[in-house]
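Colleague: As a plain string of letters, each chain reads:
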Amino acid sequence: MQRIVCPERDDWHATAESAGFDFHTIDGERYWDERAYYAFTLDEIERGIETPTAEIDAMCLELVGHAIDDENYLRRLKLPEAFWPLISESWHRDDGSLYGRLDLSFGAHGPAKLLEYNADTPTSIFEAAVFQWTWLEQAIERNIIPKRADQFNSIHERLIEVWKKLGGAHHLHLAGMTENTEDAGTLAYLEDTASQAGLKTTLIDIEDIGLRDDGQFVDLDDRPIELAFKLYPWEWMFHDAFGAKLLSAPTRWIEPPWKAILSNKGILPLLWEMFPNHPNLLPAYFEDDPNAARLGTSFVRKPLYSREGANVALVSAGTTLVEQEGPYGAEGFIRQALAPLPNFADQYPVLGSWLVDHVPCGLSIREDENPITGNTSRFLPHAIL
Amino acid sequence: MKRSRRVVLTLMGSAAIGAVSMGLVPRRDCGPGNEAVPGTGGRTYCRPVYRGFGGTPGRLHGHAHGGHGHGGHGGGG
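Protein chains in written order, with this note's numbering: chain A, 1 to 385; chain B, 1 to 77.
Bear in mind the hints are in silico, worked out from the structure with no lab data behind them.
One or more hints might be untrue.
[Said to hold, decoys possible] Each pair of labels, with its calculated beta carbon distance range:
(1) A:E62 with B:R6: 29 to 39 Å
(2) A:G65 with B:R5: 45 to 55 Å
(3) A:K78 with B:R5: 39 to 49 Å
(4) A:H171 with B:R6: 25 to 35 Å
(5) B:R5 with A:P279: 25 to 35 Å
(6) A:D288 with B:R6: 46 to 56 Å
(7) A:E62 with B:R5: 30 to 40 Å
All C-beta atoms, glycine included, are put in the ideal place defined by N, C-alpha and C.
Pulled out of the complex, with its shape left as it was, chain A reads as follows (with noise of 0.2 Å):
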């Protein structure tokens, strides 16, 4: 793994917003980056990246079978009792997954070892299935990159090809909070993709979702919703004031009730527990686990609940280096062993490796002057080289 340093491509910004990629600069601040790329050699795509992916998506499944139908392990994620029917229900009927993201650490020492996975909402599938490809191809015509560059990347296709699976003869809607920049692109992306695949699809903002009196929830015309794609997490679905009619309403969601188990940082602990000691793995205990003593001084601390970085505290040798401010962390904490990120001029990358109905299809880069990713890290794009 390198980071190379590159020229931009001089009309990157017209290419971008000509393809509806408008949050590519964010407060004035480069979001997407393609001043240096990283690059990587099949082998490490394949073996060092693919194939764990594979395995850590496989392990997770495993736990969630354990998981599903006893109450330790629920009480342990702190789901709320009222929702383990309707989680319990969506895996036993075999509920399909659309897609998902691991945070990898990668290419300091050593094989990947999984941060947390975004199992529930992950947002930058835009910038990895279709931005960072057309840079690939501006960039191999523009001698920017040599012409035997490849991309880890078959994202679009893969999720052209699960909508067919998962849509049937079903109309899509696809809800989220539309008034946010980068899940209104995030979705007006995925219904692109459903739309190529054949699904009829409505956008509809979450506020904007109706419950009739027979317990449907309907959308603005009133259309019956029996199938939705929801970027909006699970546990804020729980607690909303809908959320006591998800129980009896016969709307079918993508991704499926049961993701809540995985979304949840706790999963980091449990699969140490069933797994320990496993390559891709780095030891975790919950924070009132006797256990997590075994860490000593220095680990992370995150939430069991947080989104992009929010109220995650890095501590060595007892004392904290960086911590995130955030709103979360009522339900508790886990703590994780320090895994060293790469650091490439200064620059700290996580890797984010791409699942489409459990299948490892692409690669996206964070990258931070800070070692914890946060809302502001920076997306590079890759080649193999």
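Starting from the structure of chain A, add chain B where the hints point.
Modeller: The following block gives chain B in isolation, referenced to the frame of chain A:
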């Protein structure tokens, strides 16, 4: 990982690859459903927006009214 792949957008974007512009305005992003709020030391941080699913008034639909009741859209709290 095949160089012959074609990535085509049919709804998203404009001009060469689509017909509809999203008209998005760049701003600070905090991930799904989050909002940026002022923090200590002049920094901002992200927190969830808890209006969400069922949070807008007027979204309980009664068949007896013969129509849908989305009139409360835009409120919240």
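Colleague: Between K78 of chain A and R5 of chain B, is the Cβ distance one that fits in 39 to 49 Å?
Modeller: holds, 42 Å
Colleague: Does the Cβ pair H171 of chain A, R6 of chain B satisfy 25 to 35 Å?
Modeller: holds, 27 Å
Colleague: Should the hint that E62 of chain A and R5 of chain B are 30 to 40 Å apart at their CB atoms be regarded as holding?
Modeller: For R5 of chain B against E62 of chain A, whose Cβ atoms are near 32 Å apart, the range 30 to 40 Å holds.
Colleague: State, for the Cβ atoms of D288 of chain A and R6 of chain B, whether the hinted interval 46 to 56 Å holds or is violated.
Modeller: 52 Å Cβ-Cβ, so the 46 to 56 Å window holds.
Colleague: Measuring from beta carbon to beta carbon, are G65 of chain A and R5 of chain B in 45 to 55 Å?
Modeller: violated, 34 Å
Colleague: Do E62 of chain A and R6 of chain B keep their Cβ atoms within the hinted range of 29 to 39 Å?
Modeller: holds, 37 Å
Colleague: Just tell me: holds or violated, for the beta carbon distance of R5 of chain B and P279 of chain A against 25 to 35 Å?
Modeller: Holds - the Cβ-Cβ distance for R5 of chain B and P279 of chain A, about 32 Å, lies within 25 to 35 Å.
In summary, the structure is inconsistent with hint 2 from the numbered list given earlier, while agreeing with all the others.
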